[in-house]
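Chains as they are written, first to last, in this note's numbering: chain V, 2 to 332; chain P, 181 to 475; chain Z, 181 to 475; chain Y, 375 to 782; chain F, 375 to 782.
Zero decoy hints are in this set.
What the simulated footprint calls covered on chain V by chain Y, stretch by stretch (three residues with Cβ under 8 Å from a Cβ of chain Y suffice, anywhere in the stretch; the number is not a length):
| hint | segment |
| --- | --- |
| 1 | 168 to 182 |
| 2 | 194 to 202 |
| 3 | 205 to 219 |
| 4 | 222 to 228 |
| 5 | 239 to 246 |
| 6 | 318 to 330 |
It should be emphasised that the hints constitute simulated quantities derived from the structure, not laboratory data.
Ideal Cβ positions, reconstructed from N, Cα and C, are used throughout, including at glycine.
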Amino acid sequence: EPPGGGGGPGAGAKVAFLMPDIASTRYELYDAPLFKARMKRLCPSCEVLYQNADADAAKQQQQADSMIAQGVKVIVIDPVDSAAAATIVRAARAQNIPIIAYDRPIPAVRADYYVSFDNERIGALIAGSLVDRLRETKAEGGVLIVNGSPTDAAAGLIKKGVHSAVDPSGFEVLAEYDTPGWQPSKAQEWVSGQIAKFPGRIAGVVAANDGTGGGAIAAFKAANVKVPPVSGNDAELAAVQRIVAGDQYNTISKPIRIVAEAAADVAHGFLRGERPPARATLFDTPSQLFTPTVVTRENVAKELLGPGGPLKAGQVCTAPYKAACDALGIR
Amino acid sequence: MDGDVLALRGISKTFGAVAALTDVDLDVAPGEVVAVVGDNGAGKSTLVKILAGVHPPDAGTITFGSGRVVISGPADAHRLGIATVFQDLALCENLDVVGNLFLGREPRGLRLDEVAMEVRSWELLGRLSANIPSVRVPVAALSGGQRQTVAIARSLLADPRVVLLDEPTAALGVAQTAEVLNLIRRLRDRGLGVIMVSHNMADVKAVADRVAVLRLGRNNGVFAAGEVTQEDIIAAITGAADNAAPGRTASASGPAEPPSGRTASARAGTESPPGRTASARDDREPRRAEEGSRP
Amino acid sequence: MDGDVLALRGISKTFGAVAALTDVDLDVAPGEVVAVVGDNGAGKSTLVKILAGVHPPDAGTITFGSGRVVISGPADAHRLGIATVFQDLALCENLDVVGNLFLGREPRGLRLDEVAMEVRSWELLGRLSANIPSVRVPVAALSGGQRQTVAIARSLLADPRVVLLDEPTAALGVAQTAEVLNLIRRLRDRGLGVIMVSHNMADVKAVADRVAVLRLGRNNGVFAAGEVTQEDIIAAITGAADNAAPGRTASASGPAEPPSGRTASARAGTESPPGRTASARDDREPRRAEEGSRP
Amino acid sequence: MTELRTRPAPAPPPGGLRAAARTTLDRVRGGDLGVLPVVAGLAVIWTVFQSLNPIFLSSTNLVNLTLESASVGVISLGVVCVLLVGQIDLSVGSISGLSAAVMAVLYVDRGLPAVVAVPAAVLLGCVIGWVYGQIFNRFGVPSFVITLAGLLGLLGVHLWLLGPKGAVNLPFDSGLVRFAQLAFVPPWLSYTLVVVAAAGLFASGHAHARARRAASLPAVSTRWLLARSVLLLAGLGAAVHYLNRTRGVGWMFVLFLALVLALHYVLSRTRYGRAVYAVGGNAEAARRAGIDVRRVYTSAFVLGTTLAAVGGVLAAARLAAVNQSSGGGDVNLNAIAAAVIGGTSLFGGRGTAFAALLGVLVIQSISSGLTLLNLDSSFRFMVTGAVLLLAVGVDSVARRSRASHGRA
Amino acid sequence: MTELRTRPAPAPPPGGLRAAARTTLDRVRGGDLGVLPVVAGLAVIWTVFQSLNPIFLSSTNLVNLTLESASVGVISLGVVCVLLVGQIDLSVGSISGLSAAVMAVLYVDRGLPAVVAVPAAVLLGCVIGWVYGQIFNRFGVPSFVITLAGLLGLLGVHLWLLGPKGAVNLPFDSGLVRFAQLAFVPPWLSYTLVVVAAAGLFASGHAHARARRAASLPAVSTRWLLARSVLLLAGLGAAVHYLNRTRGVGWMFVLFLALVLALHYVLSRTRYGRAVYAVGGNAEAARRAGIDVRRVYTSAFVLGTTLAAVGGVLAAARLAAVNQSSGGGDVNLNAIAAAVIGGTSLFGGRGTAFAALLGVLVIQSISSGLTLLNLDSSFRFMVTGAVLLLAVGVDSVARRSRASHGRA
Ligand SMILES: Nc1ncnc2c1ncn2[C@@H]1O[C@H](COP(=O)(O)OP(=O)(O)OP(=O)(O)O)[C@@H](O)[C@H]1O
Ligand SMILES: Nc1ncnc2c1ncn2[C@@H]1O[C@H](COP(=O)(O)OP(=O)(O)OP(=O)(O)O)[C@@H](O)[C@H]1O
Ligand SMILES: [Mg+2]
Ligand SMILES: [Mg+2]
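Same shape as in the complex, but just chain V (with noise of 0.2 Å):
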């Protein structure tokens, strides 16, 4: 990279983020303007261009090739299908342009460089602080397992972590379901059908993530059935609020700013004709790996909460949180 003009090395350059859904709110939400923000830091000339696929890995490829024309200096992509995600490799490759595979990998290619943490730890997380809750509450009965879509790469990686966690625990899987598009009306639709299936036996429901999660939640209100733990994942401001209230177990808090401030630290060093440093090595790829944190109602004012944590208590404590809040001790 030749140094820039005025701005230092790399200046006005584009760098392509590329996320794969808006299924979890977290690429809109964190990912993208956490990543913008830090790279205007760095960089305050560069442009951030970034681009949600939407699940198609079709589309991301256009995206991909569009950015490419585009002539930006770095891609962090997020691959909708890691599989897929090879021919966008390849082709920034042959125009010579960094990529850095962010939150899931891409086993199939080298990619420059790898941000993430990691879908399957997070699967074994949730499941694994669910299966604790119920052997220290002395459940009895077996587990619900709520999956993400069947069509989605990532949830894939979710369920198999998921099944680590669950299957050596003793406890029984009572029935598993792939939730057709992450929607939580399915995961509601389908938990119904179990409670009426299974009366009285559902010890825990562990879904893979917070809208299939609430989901589950409704199913069991909605039957007048006590809910037992049911477990998430992204921590959005509507599970946390569940949490608060105690109708939802748990999810996971991914440090989403630190991996995407890392990420942009990354691309920035590309851009200025640098090899950044690798933390650790994953498919043959330098990387930098972070490990997400299990929220419960114990830990969320502190995780989630405290002074520069992503939500403000403020957000959660609406009026009809109010008095589980104040019960928490979160103002």
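With the hints as your guide, set chains P, Z, Y and F with the ligands onto chain V.
Chains P, Z, Y and F with the ligands in isolation, oriented as in the chain V frame:
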């Protein structure tokens, strides 16, 4: 023409390159039956549709009763009291006979009075000697003549001032035809204006007071029905009597003596397909056969 | 009846509760024009459709040429050499005139020979004195008579052995009607069997050799055209001459002298809508008006 | 037959039950089966699933089924209106999601009472339909394209509205959520409603028959009417009794049924309904009959979008949450498919309000039956497809025999 | 007019360019605008996006656009066939995904050569269409329901096939992937093809005109034919030249164009094509004309599913991978929408093969233009909807004027 209930002046209508009507005049007085006759494609139905508000005219004025009117849609025509029987009947095949008869004219109210409507339907159809097995079958299940009867009955429902009938007896049986002709006479006697399009000279002679001839989309003479022979009308229709209409040059080259006289020439025509259909007419915008465009 | 090209025996057809045809017989010899006449809804078109393969008959046999045949679809009818002009024309409005004329009978080959087809179209239409601005407009843009001409021209394309014409002249002008009647005569002279459905007694008298009357879905007499008066035919149609058909009891109670005689009675009927339409007939499966079911 | 109609003899009233049965048989022979085939298809589905898992027809599960049917059913009811005029609305899913989001934002974030938030959301649906109608009437853009643009554009608005939050919880103790999840008709009231329905059917039938007889038109016998009402009483009563063994009949389902009946009334008994069928059957004929075809189109779009908005609010209340995928997924396809499966024609002019009810029951029965079988998603999809085809196949074969009897 | 047609005078050949121009003007006045309005809509889109981001019309981006259009375009071509007979195929997306999966499993997992794997996948598409046709013809199930069942069932088969693997990579150095990603027409050949196309247009037009003149039918003048061909030569030549500034014209796009032309030929110049339009326009009339309507339906379904399978293979090759979401997402909607946007009627009987080409260009242009604008998803959806409406609105307004001229 004072006292006319309906007067058209200079009505023109083109469809793409086809001039369906050019500068057509027509008058109907109250209590008068005007027959509109003409060859196939002469523009009769187009004229009816313009009066019924189906097509807007490209040019020309319509006077209804005492004032000029613009009929910009079928609803306008209904408001003026113009009831129409279309050549293609314009029935909704998915509705039953009662539904079609009362379509757009159902008695007001929160709930349709099906009983009253059914009674009135039988009455109207009976008046036309209709031969319909049930008024509760969808029109799709009716025979051609039964449908036409339904369409005619429709036009009697409202209390029209002018009735337009486009070939009303084409599909009707002998008895039904007689009934319709009777009906037309009764309408005339009640002081309505009636325009009837027909190819059947006997029907025309039976009920019409005046006969207006259209040819190639233009007026080609108006005759008092009592004073004209069938042959004269046919001559005007086929163009042998073009000179009957002022301002037209005789352009027809074929013999016009119907029916057998035309046969030979028509068959002669088959040996050499035409160039452009309009090439022989110089007194009107040409109706050009379109270029041999392939689809 | 030996030597018949087409012989029907005991043909019956019901649509739901309506018996459209009951036990109908009909014969057509080569070189003969048989007119089928009857009131609206008498079952004429149903008969034509059964022969054309549109509807399968519920009962009865069809003999064509020397053997019994089962016409299970229009393709069968075409194969036998039966060409049909339907009352509803059955044209594809989205295709142009040439497309409709040759539909299903396009010359074989990798590529349609549009030029040859167009030439032949003009020729056929010319033979019928057709009045069509262009053969390249979609049929949707044609007038009623123009469409009917196209439908008739269609039936001449193949080399049929029997031609069925369901009210072929209903929408035609004077010249075109004459042309079609001529055509029918020519077909007869070429030895074809022709069945023509018509309401027009003049047309029937002009070309038919025999006249078969249908009434309420049953045979009501067959007349030699040369020996019967128009009044007799009309009497058979309207039922005043029910006794002309053997095996039928006179069931009609209304006067049958057309046209004006029926008017009064028809109007009288309006005072009391009918119970079940068929209640007065005891010699056939009743055509019941359906229960007053609401839609 | 003129000579018949001229007979002044009044029509003898058909003779009681036997005549009525004969009429019914005649109709069946004539192929006029009404909703029977769809019901048969439904019976097939129920039998299959019950034999696979006896919980399927348990009272609990049937209560779930009714509640799950309501929201998509209401949306489907709107789709029926649009299909009846020969148009299509691809955006009902997006509208339901958007209206849910609007409701949630007003109700939860802005703290407005439900009686403001819900009507506002429904009104929005109404306005969207009106806009569709205007574009359709003025510019003649095909409704497929207008509503495809709506599908995309409104999804955008929905996402934008939920914006930074992504998902909004509706409090479980709010009236809205309680209505959708926990509000059941008290048993005494449910039986009363059944009796009222049966009595109403009899009364209206009787009044109609009397009016017909007074006009000397043939009419069904009082005994047949009575038998019909008793049948309804017994059937509905048994169903209600069975549901009452657990939670009972949800108010949300009652609301759906009420909407079905109301729409049925509008479509079959009013001038407006007649106009809708006419426009769907032959728009040009309707126009020539003086019907304001544009207004009918607009009103159909408005009905479609308004009911979609109502359905969206109900779905949100049932889930007690609104998120980005509200109204997404297969809501669209299910709502349209329910209408079609129930017998509404995509070409317009054919169908009834009951199509939505029956169609949605078919779809939800399949879906509910599958939740009780522990299948892989791949088999789940395959079975859904197969059962759907089977259920509708039964219907189609019956209708085909009807068409061959000349009643297409 | 008989008296006119009886004149034996041969038709004078119309006088050169001016007459041709007048004919064209007449047609435009008569509202017969052909594809012009869609092209105008496309021009609007291109102008808007180019003014927003000058990269839009860059050669690189247009090359991308052509390559991205090909797979959906091929699927859309099949949808046109199905829509033309008045039916619908909702399952083209699933079929494309399934055929891609079959191809990948055979080619990669089983190690069969591409010349076996690809035809096998396409054959599968073919068989599915045949099954659809049989169900449709025998049982009269509405195609909406059959293909909805197919959409679900085939998705199940697709997921089952890919099984726990979830995704299969196609090797980058395989001929298939190279064909879709890296195979471009050499410049000399591309110019040659342009010249051949222009010459072919002239030759066929000239032969036709001569035949018409020989039959004394009116024909277009040679000068007009020449002008038309020169116009095509210049237009295509410029486009090819511009694309050749970077990678050039992809073979995959050429394949798509070839399929469009082939289908156009079949639809407009053969008996079969005539039958397709007839069945779509009035199935009963077609039946009465002796056309084997069932065979036409089956063949249309087969064409639709086969082309969907081909499109699926192309999409997989372009992506160099097959996964569970192949053929999912908006493939279905885009393929159907492209056909409708290009002017194919959902009611059958109206539309051309070019509809798929133009429609897919509209959709892909919007999509490609939006990736060049840095928008949030919510605004992206809104803009997509708005631009779609705008583009089709231009078309519809033009057609509306045409309808008011009596050529609906
Ligand atoms: N919608 C239309 N689009 C294009 N041309 C049309 C349209 N309607 C009618 N025409 C043309 O206008 C001319 C007049 O048609 P019109 O229907 O008025 O004839 P007509 O006198 O009623 O004939 P007929 O006796 O056959 O019913 C015909 O040449 C016809 O082809
Ligand atoms: N598809 C159908 N479904 C139900 N009933 C039908 C159907 N087609 C005809 N009918 C009924 O069968 C009877 C005979 O009809 P058909 O069309 O044969 O009469 P027609 O003699 O041709 O009368 P017209 O002179 O009016 O054309 C009519 O009562 C009609 O209502
Ligand atoms: Mg006419
Ligand atoms: Mg008939």
